[in-house]
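Undergrad: So the sequence lines, in the order shown, correspond to chains A and B. Residue numbering for the first sequence follows numbering that gives the first Met the number 0, beginning at 0 and increasing consecutively. Residue numbering for the second sequence follows numbering that gives the first Met the number 0, beginning at 0 and increasing consecutively.
Honestly, the hints are just simulated from the structure, not real lab data. This structure is a prediction, so every number in the text was calculated from the model and none was measured. Misleading hints may appear alongside valid ones.
As the list claims (entries may be wrong) - Residues from chain A shown here face chain B by an in silico Cβ test under 8 Å; the list is partial:
(1) E433
(2) S441
(3) L453
We put the CB at the ideal spot given by N, CA and C, even for glycine.
Now for the letters of each chain:
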Amino acid sequence: MAAPPALATPGPLQQQPPATGAPAARKARLPAALIAASAAVAAVLALPLVFLLIEAHGAGTSTVAGLVFRGLTRELLWNTIRLTFVVTVLCAVIGTAAAWCVERTALPGRRVWAVLVVVPLAIPDFVVSFGWVSLWPWVQGFRGAVVVMTLAVYPLVYLPVAASLRAADPGQEEVARSLGTGRVRTFFRITLRQARGAILGGCLLVALVLLAEYGAFEILGYQTFTTEIFTEFNSFSLTSACALSLVLVLLSLIVLAGEGRLRGKGRVSRSGALAARQLSPHQLGRATIPVLAGFALLIMAALGVPVGASIYWIFEGGTHSLDGISLPGAAWQTALYGVGAAAIDTAAAFPVALLAVRYPGRARNLLERSTYLVLAMPGVVTAFALSYFTERYADSFLYQSTPLLILCYSIMFFPLALVGVKASLARAPVSLDEVARSLGQSKLAVLRRVTLRLTGPGLVAAFCLVFLSVVTELTATLLLIPTGAATLATQFWVYEQNVSYGQAAPFALAMIAVAAVPSYVLGRFFDRSAHAQR
Amino acid sequence: MTQLAMTGLYKAFGSLPVLTGVDLEVPAGSLTAILGPSGSGKTTLLRVLAGFERADGGTVTIGGTVADGPGVHVAPERRRIGYVPQEGSLFPHLSVAGNVGFGLPPRERRGRRTAELLESVGLGGLGKRYPHQLSGGQQQRVALARALAIQPAVVLLDEPFASLDAHLRASVRADVQQIFRQAGTTAVLVTHDQDEALSTADRVAVLRDGKIAQCAAPQDLYARPVDADLASFIGDANLLTGVLGAGVVQTILGSLPVDPGGTAVPPPGPVTVLIRPEQVELQAADGSRPADMGGPHGPAAAAGPRCLAGRVISYGYHGHDAVVYVQPERDTGGRAIIVRTLGGRDLPPGSPVTLRAHGPVLAWSRKS
Ligand SMILES: Nc1ncnc2c1ncn2[C@@H]1O[C@H](COP(=O)(O)OP(=O)(O)OP(=O)(O)O)[C@@H](O)[C@H]1O
Ligand SMILES: [Mg+2]
Numbered sequence: 000m001a002a003p004p005a006l007a008t009p010g011p012l013q014q015q016p017p018a019t020g021a022p023a024a025r026k027a028r029l030p031a032a033l034i035a036a037s038a039a040v041a042a043v044l045a046l047p048l049v050f051l052l053i054e055a056h057g058a059g060t061s062t063v064a065g066l067v068f069r070g071l072t073r074e075l076l077w078n079t080i081r082l083t084f085v086v087t088v089l090c091a092v093i094g095t096a097a098a099w100c101v102e103r104t105a106l107p108g109r110r111v112w113a114v115l116v117v118v119p120l121a122i123p124d125f126v127v128s129f130g131w132v133s134l135w136p137w138v139q140g141f142r143g144a145v146v147v148m149t150l151a152v153y154p155l156v157y158l159p160v161a162a163s164l165r166a167a168d169p170g171q172e173e174v175a176r177s178l179g180t181g182r183v184r185t186f187f188r189i190t191l192r193q194a195r196g197a198i199l200g201g202c203l204l205v206a207l208v209l210l211a212e213y214g215a216f217e218i219l220g221y222q223t224f225t226t227e228i229f230t231e232f233n234s235f236s237l238t239s240a241c242a243l244s245l246v247l248v249l250l251s252l253i254v255l256a257g258e259g260r261l262r263g264k265g266r267v268s269r270s271g272a273l274a275a276r277q278l279s280p281h282q283l284g285r286a287t288i289p290v291l292a293g294f295a296l297l298i299m300a301a302l303g304v305p306v307g308a309s310i311y312w313i314f315e316g317g318t319h320s321l322d323g324i325s326l327p328g329a330a331w332q333t334a335l336y337g338v339g340a341a342a343i344d345t346a347a348a349f350p351v352a353l354l355a356v357r358y359p360g361r362a363r364n365l366l367e368r369s370t371y372l373v374l375a376m377p378g379v380v381t382a383f384a385l386s387y388f389t390e391r392y393a394d395s396f397l398y399q400s401t402p403l404l405i406l407c408y409s410i411m412f413f414p415l416a417l418v419g420v421k422a423s424l425a426r427a428p429v430s431l432d433e434v435a436r437s438l439g440q441s442k443l444a445v446l447r448r449v450t451l452r453l454t455g456p457g458l459v460a461a462f463c464l465v466f467l468s469v470v471t472e473l474t475a476t477l478l479l480i481p482t483g484a485a486t487l488a489t490q491f492w493v494y495e496q497n498v499s500y501g502q503a504a505p506f507a508l509a510m511i512a513v514a515a516v517p518s519y520v521l522g523r524f525f526d527r528s529a530h531a532q533r
Numbered sequence: 000m001t002q003l004a005m006t007g008l009y010k011a012f013g014s015l016p017v018l019t020g021v022d023l024e025v026p027a028g029s030l031t032a033i034l035g036p037s038g039s040g041k042t043t044l045l046r047v048l049a050g051f052e053r054a055d056g057g058t059v060t061i062g063g064t065v066a067d068g069p070g071v072h073v074a075p076e077r078r079r080i081g082y083v084p085q086e087g088s089l090f091p092h093l094s095v096a097g098n099v100g101f102g103l104p105p106r107e108r109r110g111r112r113t114a115e116l117l118e119s120v121g122l123g124g125l126g127k128r129y130p131h132q133l134s135g136g137q138q139q140r141v142a143l144a145r146a147l148a149i150q151p152a153v154v155l156l157d158e159p160f161a162s163l164d165a166h167l168r169a170s171v172r173a174d175v176q177q178i179f180r181q182a183g184t185t186a187v188l189v190t191h192d193q194d195e196a197l198s199t200a201d202r203v204a205v206l207r208d209g210k211i212a213q214c215a216a217p218q219d220l221y222a223r224p225v226d227a228d229l230a231s232f233i234g235d236a237n238l239l240t241g242v243l244g245a246g247v248v249q250t251i252l253g254s255l256p257v258d259p260g261g262t263a264v265p266p267p268g269p270v271t272v273l274i275r276p277e278q279v280e281l282q283a284a285d286g287s288r289p290a291d292m293g294g295p296h297g298p299a300a301a302a303g304p305r306c307l308a309g310r311v312i313s314y315g316y317h318g319h320d321a322v323v324y325v326q327p328e329r330d331t332g333g334r335a336i337i338v339r340t341l342g343g344r345d346l347p348p349g350s351p352v353t354l355r356a357h358g359p360v361l362a363w364s365r366k367s
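In isolation and in its complexed conformation, chain A is listed as follows (with noise of 0.2 Å):
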């Protein structure tokens, strides 16, 4: 999967509440070196989009635009927006459901549902897909996608939900019913509209994915833009794969700036502090044991089958006929990878959001936010760009290289740093820097003894997402790795397309455990920083 689940919780495009009455706002000076770190940042992750362009523009814009407005955009737009469209409603639907059993009802076992429920979003979409295909292999299609792919990312939909449910005034539900409101109105009127912003955000996620989505894809045998314009790379039919990437990229601003709109419509916001007191939980009554049924068929086909699928395999899986990188080698490789990816979007993340949390104003607002438009550039678009265009001007030392493969991880997972990052600047204020440096401390001093020390954990938290998201990416893996090299997903996938799946299954059980217990953790602390912002 490619967004873990801290995107989820701050919500990456929720602009952050000013500062209020904390003296964050009140430096006077603007730090220059600041400024310009930020601004190289931006200008690396715009790269991508420039060299499409650039690319497209070379092309002609008559062979560009007879590539878009042609037969095949317009069956790969409906079978794209179809299936984003449905996908999301249902991932909102069983998200925002299963976020208000487990925070807001009696239901029994509350704590388990609750971490197990989070745990797909561990196991990328290309292993449930295998999961699915490899013991049915009917599931096939649409409405194969259709299910795969729910079961694959409601968990972005569910983490924000709960989230906000938890930190939700509970009081304006008490209220609510007090002046006459029956439960279910209440629930429409109140519960929803306090989880409003996180169930936006959390679609926004899904959406995002979906468009950027290639291995579940392929395996189910359904065609997208993604798919299509990975196909085409590879056939070299690179004008038309340049003509299919500017209009997905076109898609995911769409997406983008409709949940801004939408968002913009309404918030919500919290009066009084917050309150320790919970809620006394809905008590589901006859109802329980449909629920607690719904439930365990969700884990089950979540969880159960590709989990199961690979244990399966790895008893039946039969011989063992194909060459490949071993197990250890894949994991060291994919760890490299994963180890330079993470150092460099957490040391270019600080910058930026250094700037946005402490010296807020609308030019550096707008600086910070441009890095999120990475959001709307698929992997596939990214990778594709960044080949084609240093297979061009630079192939003898950049093309197919590793520094490519971590640069291109870096941009891609850049929103995912900053989220972190800025999360947990949250918990180091200025003002703790001012006293200790009234207490005779050196500006480095207080970096180490102070500012570092309460920002470490988040840190972490950050370099740990990235992290994770490089093990399970696929599609920019499977354009740029080096030739020879092979991560984890990528041997995975070649076993996979070979249908030797006895082979595959120990590499998708190896994604999973690598994924598994640190993104519980980390939810665990987005989930705390959620609240400790507030």
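Given the structure of chain A, go ahead and fit chain B with the ligands onto it with the hints provided.
TA: What follows is chain B with the ligands alone, placed relative to chain A:
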């Protein structure tokens, strides 16, 4: 000796001037309060003193050396200023002892000094706790001990008691006062609460329109404010119109002596007169008999205070005393007179009363 001095301090945020020429001297060992309404620039002033903000003009001198001035800006960590910010701002990742020892050299951090400091603020034995395990008042004291640890030239406190409840506030305030007295610390405390400023500080400076309007001992400030606005900012005030003659002023409360020690007695003519609520004596009039309109010496007595009849508008009971608003029966431009009396009497609205004032009073020329 002056420990901290500001001359002509100017500071603006963009086009918004906040400080427009602050002049103030803080004697060594004194506790000076800077009093101003919310948003008047108190925090800004402290931050300039601590070196977090740079003044746009003027100078700051700490212990005889210029810390902020033309071409000079001493870094915050070199000023030896103990700063206790509005929010307390304890380091959440450090224990209480870790917080207090933060500014000490590494070897002394774990030593006796930290324990002594905690002892001195009444928190002995709590060194191992973390900030979130302390009450609001305890956190304030830790922040104070942390500032005192570096043996600062001056301690700056930004509304240190604002987050405490009324009961705790009084006790922490008294403790802080005592700690400062014992250690001979020079301290500047910022507040918007007149009571707090008057009861805690040796000297009170009023910040108004970006300048220090007046700086004086609490009693002087209360008794001899430099103008009528300041008079009503510092405590309750009756501002009446009057006509100043030779040493006495004619008001509806009769003729009252003018304070000779007051700030420059104005020339004879129309004046604004300050009568503090506790300078007015209130007597319940017997409802059956019309209130004595002429005063004790008959209508002709122009040379002394005079009784004024009125009716109670409201009676605010505070336990130890009571504040009564009285509407005079004769017109005074519609303004009620505020009277402070001992508590205990019951005067429902509408009760007839008589008022009598005691001099001396302050007077300022009335503009136009
Ligand atoms: N960094 C800043 N940028 C712009 N304006 C500022 C800044 N800091 C303070 N101000 C403005 O300066 C004025 C004084 O602020 P300051 O915080 O010094 O007031 P204060 O007297 O401490 O108020 P309070 O009693 O509420 O703490 C206010 O109008 C405030 O809005
Ligand atoms: Mg303030």
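Undergrad: The structure should be examined with respect to each hint, and the outcome stated for every one.
TA: To see whether the hints hold, each was checked on the structure:
1. Evaluation of the E433/A hint against chain B yields a held restraint, the C-beta minimum of about 5 Å falling below 8 Å.
2. With a least beta-carbon distance of about 6 Å to chain B, the hint placing S441/A at the interface is held under the 8 Å criterion.
3. Against a cut-off of 8 Å between C-beta atoms, the interface hint on L453/A holds, since the closest Cβ of chain B lies about 6 Å away.
Hint compliance for this structure: no hint is broken.
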